[in-house]
Each structure stands twice: as structure tokens, then as C-alpha cells.
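Peer 1: Given next are the chains, with one letter for each unit.
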Amino acid sequence: MDVVWLSRLQFAAATYFHFLFVPLTLGLSLLIAVMETRFARGGDPMWQRMARFWGQLFLINFAVGIVTGITLEFQFGTNWSRYSAYVGDIFGSLLAIEATAAFFLESTFIGVWIFGWKKLSPKAHAVVMWLVAIASNLSAVWILTANAWMQHPVGYTISQAAGRAELTDFLAVVTQRAALMKIAHTLSGAYVLAAFFVMGISAYHLLRRQHQEFFRRSFRLALGFGLVFSVVELIQGHMHAADVAEMQPTKLAAMESHWETGPQAPIYLLSIPDEEAGRNAVAILPLPGALSLLAFHDPSAVVQGLADFPREDRPPVLITYIAFRVMVALGAYFVAVALLGWLRRNRLEESPWILKLVLFSIPLPYLAIAMGWTVAEVGRQPWIVYGLMRTRDAASPIAAGQVLATLIGFIVVYGLLGMVAFGLMVRTVRKGPDAVPAAAGSQPTGAAGVR
Amino acid sequence: MLLESVWFFLWGLLWAVYFMTAGFDLGVGILLPFLGRDDTRRRLMLNTAGPLWDGNEVWLLTAGGVTFAAFPRVYAFMFSSLYAPLMLVLFGLIIRGVAFEFRGKLPELGWQRLWDVCMFVGSLLPALLLGVAFANIFRGLPFDGQGYHGTVASLLNPYGLAGGVLFVLLFVVHGAIWLSAKCDGELQRQAAVVAGRVWWVLLAVAVVFLAATWIDTGLYGNYLAHPVLWLVPLVAVGALLGVKRCLLGGRYWLAWASSALTIVGVTFFGVIGLFPNLFPSRQAPDTSLTAFNAASTPRTLTLMLVVVVLFVPLVIAYQAWAYRLFRHKVTAATLDHEDVY
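Just so you know, the protein sequences line up as chains Y and W, in that order.
Going by the numbering used here, the first residue of the first sequence is number 1, and it counts up by one from there.
Going by the numbering used here, the first residue of the second sequence is number 1001, and it counts up by one from there.
Hints in this document: simulated from the structure, not taken from any laboratory.
Keep in mind that a hint or two might mislead.
Said to hold, decoys possible - No farther apart than 25 Å at their CA atoms in a straight line, the calculated lysine to any residue pairs in the SDA-like style are these: (1) Lys-119/Y x Val-1194/W; (2) Lys-1105/W x Pro-433/Y; (3) Lys-123/Y x His-1337/W; (4) Lys-1105/W x Pro-1033/W; (5) Lys-118/Y x Arg-1327/W; (6) Lys-1105/W x Phe-422/Y; (7) Lys-119/Y x Leu-1229/W; (8) Lys-431/Y x Asp-1039/W; (9) Lys-119/Y x Trp-1253/W; (10) Lys-1329/W x Arg-1037/W; (11) Lys-1329/W x Phe-1120/W; (12) Lys-1105/W x Ile-411/Y; (13) Lys-431/Y x Glu-213/Y; (14) Lys-118/Y x Thr-1331/W; (15) Lys-431/Y x Gly-69/Y; (16) Lys-1105/W x Leu-120/Y; (17) Lys-119/Y x Leu-1156/W; (18) Lys-1105/W x Ile-114/Y; (19) Lys-431/Y x Trp-1253/W; (20) Lys-1244/W x Val-1194/W; (21) Lys-1105/W x Gly-423/Y; (22) Lys-123/Y x Thr-1334/W; (23) Lys-118/Y x Trp-1321/W; (24) Lys-1105/W x Arg-427/Y; (25) Lys-1105/W x Gly-432/Y; (26) Lys-1105/W x Asp-1116/W; (27) Lys-1105/W x Leu-416/Y.
For reference, chain W alone in the conformation it holds in the complex (with noise of 0.2 Å):
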């Protein structure tokens, strides 16, 4: 029982660190068309993510294959259920993930610019979705014993849909507060503008999420039951408080750890409401998959324990060296002297 719980929370502190850690970048591409007014400010935009991107992304690989690992089921049931919907996340961030290695190889701008849309539509799809996929496993799915009977279209319920919304302003305010920390000039202030004025929206969005998630699903069950996790949806509305705060001081790195709080904060205040559920059902209650009806083998899971223990504190030193080492403001003399994409 302590093993799969472990894992179910191990499971979630994954997707966080993705959330928290790509979420910038992804945020970076959504702005890519609203910021990026010429080919040197788009440039700018995207080396900021340049050197750190693709770590990042190496942090939903390990979501996707610890799931796998140490609840197979959940692995096998969720992926092919929500089939269309993972595609479309892979297919965005394949056209991505080779946007930003190809974008800068020719000089032609229509080239350039075709890069561009590859980059907004393969930011934007993964953080929509994601955040549709995740409200909609916070809601239950339509399956019983006999199988999956949802289809595209019930994902986009108005749940779901605020959800992505949700994910989506996340990404967007955690990306402009990324550029205003990382650029200088024009393009920092016209991010801080961005971050300020969208934090609006995103406070309204979470307001009503919160509130929906009350009518819509059960995740505050354990709430109720237990008071003291109240703290970790208080933590992160304080951060959410905090990063207009730092905004409006003009400390724009404080407002990023705010930020990335935020993040870390609404994931775990999903993953602590659906405990022990991995993927519930909305349909028949009792063929939820759950941490310990889905999960591996104590051996397996111990096992995997090891391998975390033992790899993810070295893959935290290591990204953090690398964050430091890339820690510089990125400007137009950077793109002259430095080695960029």
C-alpha cells in the first residue's frame, strides 16, 4: 500500500516538474506570434529556450515511462483510450522539437516563417491538451467494464475545455515572465506587460476552475476528509498572488519561481484530489483504475524506487547546472557572438 502510494505521488511530482519546467517554453512558442514582431525578436524569443528546451521535454518521456513501469495498466487503458488526443500532443511536439533545430538553418523567410507556425501549433496543441486530458481524468471518463465509449468530442466538454484554457494561461504567464527575465529592452517590457495582463485572465480562468471543479468532479473528497491538504491549493494561490506581485517590483526571476510554484501547486492539487484514482470512471465507479489496482509488482516498484532515488536528484543537479550555466540575458549581441540556434 505505501509503495504504490509513494509512486502515485511520484507519478504526479513528474508531471509537475514537467509542467513547471516545459511550461515556459511551451509558453515562449504560444507568444511566438504575438511577441515575436520581427525575425531578430523572434530569434531572441527562442533562444531564451534554446540550450533548455529539450531537457525539459525529457521530463514528460519519464511521466509517459514511469507510468508504464509502475502502473501498467493505467499506461495501457489511459494512452489508448485517449488516443487522438496523445497523437495530436506527439505530432505537436515533433514539429516542435524540429522547429527549433531546423528553423534557423536557411535563411529564406518563408522558411523561417513556416518554422514559426510549427513552433505556436506544436506549443500550443501539447499545453491545450494536457490540460483538457488531465481536467477530464480529474471528471472521470465514460468507460466501464465493458470498455472506453468517450470519443474526441466528450473530452471537449466544458470541463475539459477549461482545463486546457487553464494550461494554457499557466504556459503563457510562466513563458512572458521567462522572457522578461531573459531579454532586455523593448521585448522585456512588452513581456512584463503580457505576463501582468494575462495573469488577469488566468486568476479569473483558475477562479472558475476551482469552482467548477466543485460542482464537476470529486476531488475535493480528500479535501474534506483531510483538512490539512488545504494548504497545497492555498499554496498555490498564494504563489498565483505572489507572481503580480513580483511583477509589479520588476523582479522577474521571483516571479518565475512564483510562477513555477503556481504550476507545481494546481498540478498537486489535482493529484491529491484524485487519489488514489489514476484514471477514474465517471460511468462505473469500481472499474477505476487506481495505484493499487493498476500497479506493478512490489518488486518492480521497488525496483523503480531505486532507479528514482538514485537518478532523478543527479538529473535535478545536473539541469540545474545547466540553467545556471545559460542563467544570462539573451540580446542582440548574444545572437552576433554567441553559438544560437
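With the rest of the complex left out, here is chain Y (with noise of 0.2 Å):
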């Protein structure tokens, strides 16, 4: 395999990794903020409890979430060289603002957070903990930004004389549609785990029914959250399948296996793409206009097809195409859940069958995220940014072997620690809250544990 194989494994492994644990953070976090904010203002003392519970879980993540990201900041240097001389100017300053701007936060306070339960007052730590959230947030929102460009490059021009793409309408950058539409799905998807995380844990002990009102609660909570932002994500992810279609035809044309231009594309409910012949190999059951419809709110609206761009220009078809449509189905699968749970909210321990289907639930968030930048990236190949420069173009010109290196490095690490990871949240929920240690005040001292 060549470097740009190679690099391409390697930053697909490491950015995969680090999104299993970053959604988490981007919602638990406000979610914890919340509980923190009900104590500081009521004085019940389960939602401190239920902060620090949750905390635990939410702080695994993080650190892993902190870690794994801050070798991606590098790996654009080190992988990915002619993609930074030649976009750098742009590109680079979203991630350096990024660093400044939000980053710095959310690490600075996530330390007064862990350390600072007796040495500031409810109020003042959970003003913390809503900073680390929105710092969170807002790191997030720096990076899709800049992801948002790859996929539809706005506000430069390129310099024939310097060789590279140059900033100039950063505020084009910034406020373009493709970044305000990557934010809003990414975030909402994001918080969708985050509640469905919550509620799965809540429900695995409200179905030995320990800790019940502990659990009732959290459970709750993340309902309303999950139910808000599932409905939200499907409504939004339809308007930004439609800004994916005018923006960039051939991922379009991929998340559909849509081969031929024409009026009144339907979208077939089963198909299958053949690549090398540019068709599908299969396609039955068509709904007539239904692409048209979706992409264009016509349908009539012409809709491009793969065979229309050359061979090179045409993004891997199968794998977009099934990931896209995982995505979805998952994304009205977590609709109906909430809307059910959302229906039994007041009788959640008589429906069992509820519980259990929201425990084993847990995992699809996650799968959902994962198909959802399958989609975003594989869907943008063969170009590293969209329509400007191709992924073959990119890597860096080093040996092949240090980069194999790395990658099996990475997938050592990044096996073990995910090992690590997921057996210390196994035994956190587990233990369930009352390993935590008692707050301030509402113990005798000595009483909070050495760990």
C-alpha cells in the first residue's frame, strides 16, 4: 500500500476513535451542567449526586477525547503536508482559533471541575461545568467549520504565485451554510447519544429497580433531551441532505447509488450499485419523484447521476450508499423510541420492554455518528476539499513504512485504550452512584474516599 493509503487508514482510525468518545463529552456535559444547576438552585442534594455519577462517566470520556485529539491537531502536519502548504492559510487558522478560543477553556476548567467540589460553591462550580460544556461546544463548532470547508470551499482565491489556496472572506467561511448545517447535524447527533447513553444506563438500573429515583430522574431528563434533538437531527438532516445535493452532486448521487441524470429521480428501496459498470446491478421498488422531491423540493427537479462525471471524479459508491442509509433508518429509529418512551414517561418501570429496548439501544447512536461521517468523508472522495484538490495530492512525501508504523502503533494504543476505557465505564455504571463520594457538608469529613 502506498502512503496515501496508508494515511488515509491512519487519520480514518484516529478520527474514528476519537468521535466514539467526543459526542458523549459534547452532550453529557450539558446535561451535567443542568443537574448541577438544579442543585445549586434547590439544594437537592441527588442532583449533585447525580452530577458526580454521571461525571465519572463523562471524564473517561473525556480524557480519551482530549488525548486522541490533540494527535489529530498534528497529524495534518505529519500525514498530510501538501494539504496544510496548501491550505494552511485557511484551514489553519480555524484549528489555531480553535486551540485559543475554546479549547484552553474546556481544559483549564475541566480541572477546577475535578478538583474543585469543596473548594467552590454550588453555584460557582456549576457556572464551571457550563463552561466547560459550551467551551466543549464551541470547540466542536471550530472544527466543523473547518471540516465544512473541505466539503464546500468558500472565501479564497488561489494564488498562482504563491501555489496555494488564500483566505478572503473569513466571514464567508464562517457563516457559509455547509458549516452552520455540519454543526447543527453534528451537535444534534452528538446530543442524541448523550440522551440515549443516559437513558440506557438509567434503564439497566431501573430494571433491577436499585437507585430507582436516581434513575427516574436522569432518565427523564435525558428523555426530553433526546426527544428535542432526534426530532430536530431528522428534520435537519433532510436539509442538509438537500445543501449536500447542491453543493456536491457526486455525494449526492453516491448516498443513492443514482447513476442516471434526469427528471424525476426516484429512490429505489432496494439496490445495488455496480461500480465498474456504472449502474445498478439491482434496483426494485421505486418511489418516482422521491429523490427529486427530497433534493430539490421538486418532483420534477433534474438530478444528476454518477455516470454523468468521469471515472475519477466519482466517490466510492457502495460504501456511501449503505452508510448513508444506516444513518437514516437509525435517525427515524431514534425518533420512535423517544416518542415512546417520551408516551410511558410516567409509567417507565411497568413498561420493562420500554427499558430494555433503550439499554440495547446504547450502541446505535454511536454506529449512527460513525456512518454519518462515513457518508461526509468517503462521500467527498476522490477530493481531500471538494472540486479544489484530491486526496491522492495530499499526503505527505515520506516513506511508506514509517507511516505503516504509526498505524499499527495507533491501532495498538487506540485498541487498548478503548479496552480500558469501555471496562472502566462497565464497572463505573455498575458500582451505580453511591460509589461516589458524598459532597461537601453532607458528610462527616473523611468520609469522601481515597481512590
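The two chains are supplied separately, each in an independent frame; assemble them into the complex guided by the hints.
Peer 2: Below you can see the structure in the form of C-alpha cells.
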């Protein structure tokens, strides 16, 4: 395998792994901030115990998210040096702003949060959690803006003299629709994941009839959050796809395995792409005009097919197509489950089947998010910056052996790290809330655990 | 020209602040097997850095991010050329970061030992390799118009190694002083003794390094051209001597401040000597990457300057607040009564 392929695999491994941990922290940080605010306002210590219990799970994910994120910041230079040199004038500033304006805030205040339970008043401690939550989400906003620029580059000009892309309009980069859509889509997805995580773990304890009030409350807090954002995600996802239709026609065509340009483009309920032949091997159960309608809000609109594009400009179809369908199906499933939970919200423990459903649904938002990134990134191929720079032209001119060695290193280290983090999470969940050291004042000193 | 020069020194400042702040927590990690006789000791040591190390590490991320934004060609060429050492630094920081968080999660001795090893290796590798990397940058690297021709072995030349050792010693002294200021009893006493003893080694290595810099690099050129610049290395040397004086007087916080000034002084000694080079070539000096030929457009530099001027003072303010909030000593009682790792 050549350097480009190895670097792609390495970056894929590093980003997928990173984003197994980040979405939970984006949503859970907000939920914990709400819990602490409730405690600070009302003084009911259960809210604080909730913040502490969920905080432990939050921190395990936060730690892994941080260390894997720092690595990514440098990988554009190590593995994608030609990309970095070509677009650094625009892309680099977004990463630097992320570090300066957001990452500092979350990293500094997470230390204050962990160590500050007894040094700060409940109110101040809640404020610190809000800062961590807001900063984490702001961090995501900047990174997603940078990714959106790779999907739909704006606000730049190509300088022939300097041989690179140069920034002309920063506001265009940060306010473009592609960025706002991507931010809304990814953050909503992260919130759904966090909600299902909290609901699922609460369901685990409710099914065992332990800490019932504690987990009933946790469940209901997450349920409202999950219901709102799963509905938002479904509607917004549709708008996002309509934008993709306009901005990245090859990606949209791959998402639907759509080959022939024409009006009243159908969606086939079942199709199997044949990428070699440039058509669908199987395409049955068409919904006439559905693709035109969804993509352009007009059942007779013309939708460009992949056959219109030279082979070298087409993304891998099968992967994009499957990933998209799985993501959409799961998106609809989350709305259904959240609605079911909402209807039975006052009789949760009388509905063990709903609790079980929610418990076993914990992995699904993870899958949906991974599929979403697959659509976004594989669907963008063969471009690293859509229409501007090809992935094959972007890699560093370094020895393949080096990249292979670090790829193996990442797989081994991240594999072990993933297992450890997972094991610690399971352990924390099983132990339940009583394992958490009691808060200041609510227990005699000395009871706070030596860990 | 002015904008690029300002950015050059801001770039140096971010690295200096990273070394100054993270230097002590890296040093504590390196000292862990030497001063951490038992588990309580090791927990005391780690908890002196507990609330602060994460915020410290972001200065590295920002230095990297700013290199990308202000000098994209340097970011691209430096990090791909120094691929293997940089990856080792990153792997070190990964295992170290999770070691802080995971170590205390299980009571088993083997588990804690495992993370202690990660803490040590993950602290030593970045300290050593960043030193090796910067020394090699001072010296110039083997590349020309065709590309980079060096290997990991070529980085481990005597001057590069001296740079690595110098960084490790700077951070060890910095960390030992930090422990002297933050701990009490036996641990404080031993940390102060270690700081005092390693200080002599540091002094010797610093002298050798400064002399070798004269022989092996062109760093002194700027100083000879503008003698007023000698003030910077003089401050560094003065601060280093001040460290010893404060240590002898038992004024540990002052010693730490002096050590911080030493680190900033040493970093700026190199940065000023390098100017305007960011990534100089030893083989073909005309292909060196400089603040002028590798910078972003004035538009991006201005934008980033606004961001930095707005946010960095704010960052310093809230980090200073966090340092103040956790200024107390970390003692056995702290471990029992406070939220700690």
C-alpha cells in the first residue's frame, strides 16, 4: 500500500476513535451542567449526586477524547503536509482559533471542575461546568467549520504566485450554510447519543429496581433532551442532504446510488450498485420522483447521476450508499424510541420492554454517527477539498514504512485504550451512584473516598 | 515584514509558555519513579499537577495550531520531516494524559504500576524529544530543494542529544522545585535536595550546550550583530543562578518563578538566535523556511493576531486564577478530604 492509502487508514482510525468519545462529552457536559444548576438552585442533593455519577463517566470519555484530539491537530502536518501547505492559510487559522478560543477554556476548567467540588460554592461549580460544556461545544463548532470548508470551500482565492489557496473572506468561511448545517447536524447527533447513553444506563438500573428515584430522574432529563434533538436531527438532516445535493452532487448521487441524470429521479427501496459497470445491478421498488423531491423540493427536478461524472471524480458508491441508509434508518428509529419513552414517561418501570429497548439501543447512536462521518468523508472522495484538491495529491512525501509503523502503533494503543475505557465505564455503571464520594458538608469529613 | 516578525516572536512565546507551564508537570512525571517511594507519595506528586496539567498542555496544541495558521509551510514541512519523533511525542502525551485520569480508578497495585510507567515514559519522551527537535532546528536540518534527507539517527547527533538532555534537566529541576513548594514533610525535603543536586548537572549541561551552540550553530550571529540581545541569555543565566540562591534560602515559590524565567530565557535565547529562520537547512541555507517565505497572507496573520490579542490575555487570566485556586499544599490530609486523582 502506498503512503496515501496508509495515511487515509491512519487518519480514519484516529478520527473514528476520537469521535467515539467526543459526542458523549458534548451532550453529557450540558446534562451535567443542568444537574448542577438544579442543585445550586434548589439544594436537593440528589442532583449533585447525579452530577457526580454521570461526571465520572463523562471524565473517562473526556480524557480519551482530549488525548486523541491533540494527536489529530498534528496529523495534518505529519501525514497531509501537501494539503497543509496548500490550504493552511484558511484551514490552519480555524484550528488555531479552536485551540485559543475554546480548547484552553475547556481544558483549564475541567481541572477546576474535577478538583473544585469543595473549593467552590455549588453555584460557582455549576458555572464551571457550564464553561466546560460551552467550550467543548465551541471546540466542535470550530472543527466542524474547518471540515465544512473541506466539503464546500468558500472565501478563498488561488494564488498562482504562492501556489496555494489564500483566505479572502473569513466571514464567508464561518457563516456559510455548509458549516452551519454541519454544526447543527453533528451537535444534534451528539446530543441524541448522550441522551440515549444516559437513558440506557438509567434503564439498566431501573430494570434492576435499584436507585430508582436517582435513575428515574436521570432518564427523564435525558428523555426530553433526546426527544427534542432526535426530532431536530431528522428535520435538519433532510435540510442538510438538500444542501449536499446542491453543493456536492457526486456525494448525493453516491448516497442514493443514482447513476442516470434526469428529472423525476426515483429512490429505490432496494438497490445494489455495480460500480464497475456504472449502474445499479439491482434496483427495485422505485418511489418515482422521491429523490428529486427530497433533494430539490420539486418532484420533477433534474438530479445529476454519477454517470455524468468522469470515473475519476466519483466517490466509492457502495460504502457511501450503505452508510447513508443505515444512518437515516437509525435517525428515524431514535425518534420512534424517544417518542415511545415520552408516552410512557410516567410508567417507565411498568414498561420493562421499553427499558430493555433503550438499554440495547445504547450502541446505535454511536453507529449512526460513525455512518454519518462515513457519508461525509468517503462521499467527498476523491477530493480532500471538494473540487479543489484531490486526496492523492495531499499526503506527505514520506516513507510508507513510517506511516505503516505508526498506523500499527495507533491500532494497538487505541485498541488497548478503548478496551480500558470501556471496562472502566462498565465498572462505573455497575457500581452505581453510591460509589461516588459524598459532597462537601453532606457527610462527615473523612468519608470522601481515597481513590 | 513587521507582521511576520511579530508572529515569529509570538510563535516563540507560545512555545516558551508551554515549556514554562507544562515543564513542571513533565518534570514531576519524570521524577515519579525516583521520588515516589510508595503509593501515597506517588499520588501526592501527581495531585500537585492534577488540576493544572491539562490546561498546560493546551499551550502545546496552540503552538502547533498557530504554526499551522501563521506558517503553514513550516507546519507542513517540519512535522512531516520530523515524523517519527513527533509521533513518539504524541504517543507519550496520549498514555500520560489517560494515566492521570485512569490511575486511581482501580485499587490494584499492578494497575497503578502500569500507569506509573506510562506517566514516566509519557513525560520523559516529550521532554527529551522536544529538546532534541529544537536543538536540531537551532543547528539546521539536512534538507534542500529536493526534500528532507535526515533520519531519526541523524537527529541524535551530539548537539541534538545535548539539547534533549538540557530540556529534561530543566524540567526535572522545575518539577522538583514545584514539589518542594507544593508538598510538605519528607517529600518536600527530598524534592528540594533533588532540585539542588540536579541543578549542578543542569548548570554543567547548560554551559556545554552554550559552548556547543557557538561551535555547531549560527545562533550567535544575531547576538553579535545586535549586542543588546545578549541581555536575554544573561537573564536566563541570572535566573538559573537565582534558582540556586532561592533553593538554599528555602524560598520555593520564588525558586519556581526563577526556574520559569530560566526556561523562558533559554527558549528565547534560541528563538532570537534563529530569527528569521523557523526551519533552517544545514545543507542549502537558501531553502530554509523563514518567517518571511513561509508565512500566511497578511490577511490571515492579522486575523490571527486579533484572535490572539483578544484571547491569550483572557487565557492567562483564567489560568492564573486556577493556579491561585489550587495554590495550597497537597498533603496526606488533602488526599483524604478533597477530590483528587
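Peer 1: Run every hint past the structure and note whether it holds.
Peer 2: Verification of the hints:
With a C-alpha separation of about 31 Å, the suggested pair Lys-119/Y and Val-1194/W falls outside the 25 Å cut-off, and the hint is violated. Distance check on the hinted pair: Lys-1105/W and Pro-433/Y sit about 15 Å apart at the alpha-carbon level, within 25 Å; holds. For the hint pairing Lys-123/Y with His-1337/W, the CA-to-CA distance comes to about 21 Å; that is within 25 Å, so the pair holds. A hinted pair counts as satisfied when its Cα atoms are at most 25 Å apart, and Lys-1105/W with Pro-1033/W qualifies at roughly 20 Å.
For the given pair, Lys-118/Y sits about 14 Å from Arg-1327/W by alpha-carbon distance, which is consistent with the 25 Å threshold. Using a Cα cut-off of 25 Å, the hinted pair Lys-1105/W and Phe-422/Y holds, with the two alpha carbons roughly 13 Å apart. Distance restraint check for Lys-119/Y and Leu-1229/W: the Cα-Cα separation of roughly 44 Å exceeds the 25 Å cut-off, and the hinted pair is therefore not satisfied. A distance of roughly 24 Å separates the Cα atoms of Lys-431/Y and Asp-1039/W; the hinted pair therefore holds under the 25 Å criterion.
A hinted pair counts as satisfied when its Cα atoms are at most 25 Å apart, and Lys-119/Y with Trp-1253/W qualifies at roughly 22 Å. Taking the CA atoms of Lys-1329/W and Arg-1037/W, the gap is about 19 Å. The hint holds against a cut of 25 Å. Distance restraint check for Lys-1329/W and Phe-1120/W: the Cα-Cα separation of roughly 23 Å lies within the 25 Å cut-off, and the hinted pair is therefore satisfied. Note on Lys-1105/W and Ile-411/Y: the hinted pairing holds, with a Cα-Cα distance of about 24 Å set against a maximum of 25 Å.
Of the supplied pair hints, the one linking Lys-431/Y and Glu-213/Y holds, its CA atoms being roughly 16 Å apart against a limit of 25 Å. Distance restraint check for Lys-118/Y and Thr-1331/W: the Cα-Cα separation of roughly 16 Å lies within the 25 Å cut-off, and the hinted pair is therefore satisfied. The hinted pair formed by Lys-431/Y and Gly-69/Y fails the criterion: a straight-line CA distance of about 29 Å is larger than 25 Å. Distance hint between Lys-1105/W and Leu-120/Y is fulfilled; the C-alpha atoms sit about 24 Å from each other, no more than 25 Å.
A distance of roughly 47 Å separates the Cα atoms of Lys-119/Y and Leu-1156/W; the hinted pair therefore is violated under the 25 Å criterion. At most 25 Å may separate the alpha-carbon atoms for a hinted pair to count; Lys-1105/W and Ile-114/Y meet this at roughly 14 Å. For a cut-off of 25 Å, the pair hint linking Lys-431/Y to Trp-1253/W is broken: about 42 Å separates their Cα positions. For the suggested pair Lys-1244/W and Val-1194/W, the alpha carbons sit about 12 Å apart, so the restraint of at most 25 Å is met.
Only pairs whose Cα atoms come within 25 Å are accepted, and Lys-1105/W paired with Gly-423/Y is accepted, the gap being roughly 11 Å. Under the criterion of a C-alpha separation no larger than 25 Å, the hint pairing Lys-123/Y with Thr-1334/W is consistent with the structure, at around 23 Å. A distance of roughly 16 Å separates the Cα atoms of Lys-118/Y and Trp-1321/W; the hinted pair therefore holds under the 25 Å criterion. For the proposed pair Lys-1105/W and Arg-427/Y, the alpha carbon gap of about 10 Å is at most 25 Å, so the pair holds.
Between the alpha carbons of Lys-1105/W and Gly-432/Y the distance comes to roughly 14 Å, so the proposed pair stays at or under 25 Å and holds. A C-alpha spacing of about 13 Å is found between Lys-1105/W and Asp-1116/W, which places the hinted pair at or below 25 Å, so the restraint holds. The hinted pair formed by Lys-1105/W and Leu-416/Y meets the criterion: a straight-line CA distance of about 16 Å does not exceed 25 Å.
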